[in-house]
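Number of protein chains: 4
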Amino acid sequence: MKEACGLFGTYGCDGAAQKAYLGLFALQHRGEESAGIVVSDDRKIRSRKGMGLLTDVIDADDFTELPGHMAIGHVRYSTTGSPKPQNVQPLVIEYSQGLVAVAHNGTLTNAYRLRRQYEARGSIFQTSTDSEVIVHLMADPEYLGKPDHVARCLAQLEGAFSFLIMTKRRLIAARDRHGFRPLSLGDLDGAPVVASETCAFDLLGARYVRDIEPGEMITIDERGVVSERFCPPDQVKKAHCIFEHIYFARPDSRIFGENCQLVRTRLGEILAREHPVDADVVMPLPDSGNPAALGFAHESGIPFQFGVIRNHYVGRTFIQPRSRSFSVRVKLNVIADIVRGKRVVVVDDSIVRGTTSRTRLGMLREAGATEIHLRISSPPIRHPCFFGIDFPTRTELVAAARTVEEVREFIGVDSLGYISVEGLLSAVSGAPCDYCTACFTGDYPCPVADPVEKLALERH
Amino acid sequence: MKEACGLFGTYGCDGAAQKAYLGLFALQHRGEESAGIVVSDDRKIRSRKGMGLLTDVIDADDFTELPGHMAIGHVRYSTTGSPKPQNVQPLVIEYSQGLVAVAHNGTLTNAYRLRRQYEARGSIFQTSTDSEVIVHLMADPEYLGKPDHVARCLAQLEGAFSFLIMTKRRLIAARDRHGFRPLSLGDLDGAPVVASETCAFDLLGARYVRDIEPGEMITIDERGVVSERFCPPDQVKKAHCIFEHIYFARPDSRIFGENCQLVRTRLGEILAREHPVDADVVMPLPDSGNPAALGFAHESGIPFQFGVIRNHYVGRTFIQPRSRSFSVRVKLNVIADIVRGKRVVVVDDSIVRGTTSRTRLGMLREAGATEIHLRISSPPIRHPCFFGIDFPTRTELVAAARTVEEVREFIGVDSLGYISVEGLLSAVSGAPCDYCTACFTGDYPCPVADPVEKLALERH
Amino acid sequence: MKEACGLFGTYGCDGAAQKAYLGLFALQHRGEESAGIVVSDDRKIRSRKGMGLLTDVIDADDFTELPGHMAIGHVRYSTTGSPKPQNVQPLVIEYSQGLVAVAHNGTLTNAYRLRRQYEARGSIFQTSTDSEVIVHLMADPEYLGKPDHVARCLAQLEGAFSFLIMTKRRLIAARDRHGFRPLSLGDLDGAPVVASETCAFDLLGARYVRDIEPGEMITIDERGVVSERFCPPDQVKKAHCIFEHIYFARPDSRIFGENCQLVRTRLGEILAREHPVDADVVMPLPDSGNPAALGFAHESGIPFQFGVIRNHYVGRTFIQPRSRSFSVRVKLNVIADIVRGKRVVVVDDSIVRGTTSRTRLGMLREAGATEIHLRISSPPIRHPCFFGIDFPTRTELVAAARTVEEVREFIGVDSLGYISVEGLLSAVSGAPCDYCTACFTGDYPCPVADPVEKLALERH
Amino acid sequence: MKEACGLFGTYGCDGAAQKAYLGLFALQHRGEESAGIVVSDDRKIRSRKGMGLLTDVIDADDFTELPGHMAIGHVRYSTTGSPKPQNVQPLVIEYSQGLVAVAHNGTLTNAYRLRRQYEARGSIFQTSTDSEVIVHLMADPEYLGKPDHVARCLAQLEGAFSFLIMTKRRLIAARDRHGFRPLSLGDLDGAPVVASETCAFDLLGARYVRDIEPGEMITIDERGVVSERFCPPDQVKKAHCIFEHIYFARPDSRIFGENCQLVRTRLGEILAREHPVDADVVMPLPDSGNPAALGFAHESGIPFQFGVIRNHYVGRTFIQPRSRSFSVRVKLNVIADIVRGKRVVVVDDSIVRGTTSRTRLGMLREAGATEIHLRISSPPIRHPCFFGIDFPTRTELVAAARTVEEVREFIGVDSLGYISVEGLLSAVSGAPCDYCTACFTGDYPCPVADPVEKLALERH
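Chains as they are written, first to last, in this note's numbering: chain A, 1 to 460; chain B, 1001 to 1460; chain C, 2001 to 2460; chain D, 3001 to 3460.
Note that these hints are calculated values from the structure, not bench results. Please read all numbers here as calculations on a predicted model, not as lab measurements. Yeah, the Cβ is synthetic: ideal placement off N, Cα and C, and Gly gets one too. There may be inaccurate statements among the hints.
Unchecked claim - Mimicking BS3-like on lysine-lysine, the simulated pairs with C-alpha atoms at most 25 Å apart in a straight line are:
1) 3146/D to 2084/C
2) 1168/B to 1146/B
3) 168/A to 44/A
4) 1044/B to 44/A
5) 331/A to 2044/C
6) 3168/D to 3146/D
7) 1342/B to 84/A
8) 1331/B to 1342/B
9) 3342/D to 3331/D
10) 2168/C to 3342/D
11) 84/A to 1084/B
12) 168/A to 146/A
13) 3044/D to 3238/D
14) 3044/D to 2044/C
15) 84/A to 1168/B
16) 3237/D to 1331/B
17) 342/A to 331/A
18) 2084/C to 3044/D
19) 1342/B to 168/A
20) 3168/D to 2084/C
21) 2237/C to 2044/C
22) 1044/B to 1168/B
23) 2331/C to 2342/C
24) 2146/C to 2168/C
Claimed, not checked - Covered stretches of chain A (chain B as the covering partner; in silico rule of three or more C-beta atoms under 8 Å from a C-beta of chain B):
25) 69 to 75
26) 111 to 122
27) 382 to 390
The shape of chain A in the complex, shown without the other chains (with noise of 0.2 Å):
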């Protein structure tokens, strides 16, 4: 699966540019393909934007020719082969009020049927994400001018959104009445910050406020913060992506309420308690699997060993040789020193296509484990994610029409548990109807597009 977007924005804060770049830096986990950052000293919008990691699309020469109090910024990943420079965001866009940036982290659901609507106007979208659509809302005449004016735009809008919208003078954020995504606001000595992940706020040194409200929309400019809500509070209904607490998230970050660390940790524990095994070296694919196995190891008793080396060097500009055994050596590597004639439990925080982990697991297999009882920290993943994670189709979901039994045999391990709904909605700390579990049981909490507009909008 891939990863999430990560937005941050500041207002009234010396060299806003360099902060921008500063906290998408520490949310580049959530998008590696295209990094942007806007920045607006009250009199004029300028940015810097491109496609590959934040580092690769900025460089110190660019903070000069980026001044200002005021930035957004945004870190992206798309799906499609060729993502295109023009759906880089965030987007900056000229309409008659003059420019906007818009950055979104999410899936709009209705954006296929309000594009459609707009050039059927006559309007013309410059790119092909779903994110412009509340551009064309902000620049119609019907809203254009009236009271409450973005939150009626963001009222039109389902889905999963984290929206940051900057004009010259003004920061808006906003989070969608399910909180799908994690949007949370921050203090920089004085400075609102607002970041997709608190572990932002540590490395700026900005102190955690709290989170925005699913629902609620903040206005920041030179009279303070205003919070306002577009969404009727009946209308507001928790559904907070496990998944980011499975996988996503930093370590490090607090998401819906705690630190992501020890819930890992947590899953393991309680992973160890729903399928035991006898054993002798408990073990991570590292690094995500890292805490799962220490609460595993701690649980269970046996011992933890780090029997699976990860290869840090490994980038984009790598040239491998064309083998997935091999795209899987160059990650990690195994001690066999570690592994040969152990029964080994492996961990892992989830399955997808299977053939990664089949591939990895056989290396554990050819340095000699004589059992391997692999152990994941996520149930079996069933179900397309309409809220802006690119899970493959349900052809290459390897659990979406196997058994456990099924999956096992496909991986070739000598036994296979996945953590249970009920065990994993235990080890966070909200109601179980806080968070949403559709990729596991299919039970969205919203209507869902039409996979026809699916298809032919790109996720952002």
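Using the hints, position chains B, C and D against chain A.
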């Protein structure tokens, strides 16, 4: 003054991108700021555009990513300080009917008014160029789906335009009702080609067929070439830009029915008759002054010499000390052994600000010329152009508020002679009323945009 | 402290350049400053070298320009401020017998003296590295043409060296008589491979055969692999660099006969016995402290946690604010929810200057740790290394002139325990006298270069 | 044929690197393959070199890293397929006395013999250029430390050389005893400057002082400029390369005492007398044929026209279809309206292989010329040059084994006339015996290298 833009299009030949590359290469003198090629293989439109010379923007690998049998291309000069990448032409814009690519040469005098109308309806513009309005017209439900869809849209436009418009399966070429800018039709082994100047045909080995007529629009698709009029015959009023003959067009091009080099040589002969002088040697300021200087020498009987040498290596990466005199010296060097002790006639095509001329002729004085007689193969430039030439403002035009004698004094020569408007018009084969000479006379062939509008949009 | 260099060579396999690329990729941790590959197809020697990571230096197109069945490669760390391109290894030098390529890991302690001798005879040096003297020795008429030509030259050298020397048709690998640096021989489907660490064999799928012996030189050509001694047996005196086990080598490598990760885990166990403490949690400074922290946790029974998270995106293009505390924070982040209110044992592999440790442990204090107990899996570093490790000068080494108590105070922790030299030597399987521990004890296994000489030449 | 190299040096002026940049820029026509600048600030020698045009190699940032009041620079053309970066001049080599930088224009005919002698003594060479031997001579204990150290070394060299040699505190300029290549001394506001051509002085605003004499060496340091002879007067034997006047040097340079443009114009006049013809128009192949064509027109009374136009945008990044005729067409275009139905005299400076001439004149024929009379302002080239010009091999030289009539037939013109050797020598002001005309006559002014040696070393 700055160059106009250059257009090239072709339909129905293999490797259309390469053809466009060569065609644009021959037109590079019409715009050095950006370049772009858009192709179609009937199924998909692809493009490659960028800032800089064509050879900076396109490299050999690009051709494999630009398959197709039809292509349009553009080289552009833009006026304002920091030209924007999104303004690079051909514009490629998606509207409700799919992608459309547009290349434009000229200036639309009613673009600002049309833009404001569309913005008031909620439409969003992607560029700051006047060219984009044609796409909004095409997307307008008022015109969309009507017979003669594009012709109706073109009929809404005022000012100077040569347009190439390409959709997935069709190429359209059109020229405004005045024929301000040149646009010719050629034949490349059976495939139609369209170009701003015929030198593009020569490079490709294509045959010149005819000029696109003022007010004519030709449509090229699988059914062949169809010509139609988007403007009633009584509204066609020829106003060919005489500056194409004086300076813009390449000397080997056939423009408005005749070869530029021959016209320029005749201008030198007429100039010699209008402003004779007793001197030892005639020399051009290379290379633009070459043919007129030769004509002057032939008519006057004064020997021609190359007394000033041009450095061919000067390009945008040369790092030069900041001084006007240096900046002139690095481009041109005077051969003192030719100039010393001589009465010199120097022939150039035009004087704009006068400062460059003053510095250049100062070099001749330093090198020992005893008398310097400057002859200019265009009349004094005194009025702005609203049809695609980027003259400086009136206050910067040296002749705008000065008599010829005052200009002579400013430049510091012993005598100065401009060709007369009558002399100029006698050098070309068309009727005098078929040319626009507004920059000399102030007589504009059509209503011109309000200056505020002109500033609001960039020329292309 | 800085990394040593890495060597890789192979003979007799198709696409030797790709093999060298993969081998060096696995050795990247031994030197990030420059990289180079030299190949031969029996007729011509070709090379590709440059500053930066291997993946910056070599791209896919390079392979087609590097044909051949034999290759040597090098990754390098250099000490002085502005490393010079001409020093990038493998050196490729032409002498009277043709081209020779040289890759060197270590420091020659008599290089300066040899260089001065050759310069006095009129010879000209191309680099400022000590490695170049081997080529001058090879070109010296005194040795040239003699039987055992290269062995005679190697016998003139003193200090630490693993050498790969390649001519058009032959590959030579040699290791100094002390065996300071590791160098192993492997087998890749029948083709001999040589590498600084066995992790290179794992990535290639090659089989580990044996280590090159101290004082041994092996010659590989069309006749096969021939081993000879360039040093009489009584002059071989093992002195393996113990720091390879503590820090340098990759945890999955087999060094001096045993796996590093296991040695490091044992160091943690010994450390727990030598310096026990009553605490709530054990955590490493990732990733180098991981195995020793785990050993400490196992031995002490104190739970292991990942309380500090490493950011994997930090690279050379990251633009960071200038402050030491920031520079630490960007690499590591503390999870306050794990540390708050706890008595924490932190395990790291070594302390060099002490300033980084101080800042890192300060982060734990800020996050709310009530006690911090630092345990180090190496003894205090008090003496310079003359055999290839780039420690800072004595005045910068925090332990050089301080007691352990003074170091504890400098770093600001509640207790500090270093492993003892005896404890360290008990963790490895070889005899204590087979290792060099001079940086802890000052007992150098061979005469060392005059410091002036050391400064005059760059390490490689 | 290919260009020779260009040298520039200066001592005692602020920003010497910028001065060298400008000086080399004026000399770019002498070598487009690589460029380099070396500076000294009395304490340290620094350099910036690379493949490509000067403006590709040096950018504005480089100047801040090239501080100093003395500089030498070089632009180079190399002959063989893949020119090597290490051969880029100025060579910067360290020998026992420190760094020395060397820039060389010409070919040393005894370089190969000297190199073999030094290699037999164990010396190692860094480049494959003949220029490097001067440094080995300087490092040789036989000369080192002797009075007149460098002069003694120069006296060992045979063949063609203009040398600039720079150490930390001293600049040396020397010219071989035949004066094959030009080298002039100028004055830039009190600071001495040395350049291959005087056009470099013009660009800098420096004053021409005199030529460095054949066999002269001047030393510039803090004590001023000192001239000495490294060769006894009776061994000085002038042999100025006449091809500098025919083609190499810039038309605005003063070479061997007189201006090139005037010499070239005289060549055209002589040519008109030696090979008169009845025709309608005279035209050059631009730009090298311009002055001779003008001289021919003046002398013959036949009108001069620019019938062939040169495209100034052709550069190394242009992607052209593979065909000789295209390759000619992209550089030059014929104006058919000028040529059609005319008897044309075409003047060019030389014919080398003949294939380019044939294609170019074929374009005139296609454009409708009724007769084509080719006139060449140099005699037939029939012999190789061993002194710095890179003619093709004899089998490729069209005139080497053909009569003039056979060449005429090969090229396909109605008549062909070459200037005679006597006519050529009558156009220059020096005594006929002061020029080298060996490429026309085979009479070499000094013994020439064995062809095997010539192949073994690259020209520079």
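Subject >> Hints not upheld, ascending by number >> reply: Of the numbered hints given earlier, those the structure breaks are 1, 4, 5, 7, 10, 13, 14, 16, 19, 21, 25 and 27, listed in rising order.
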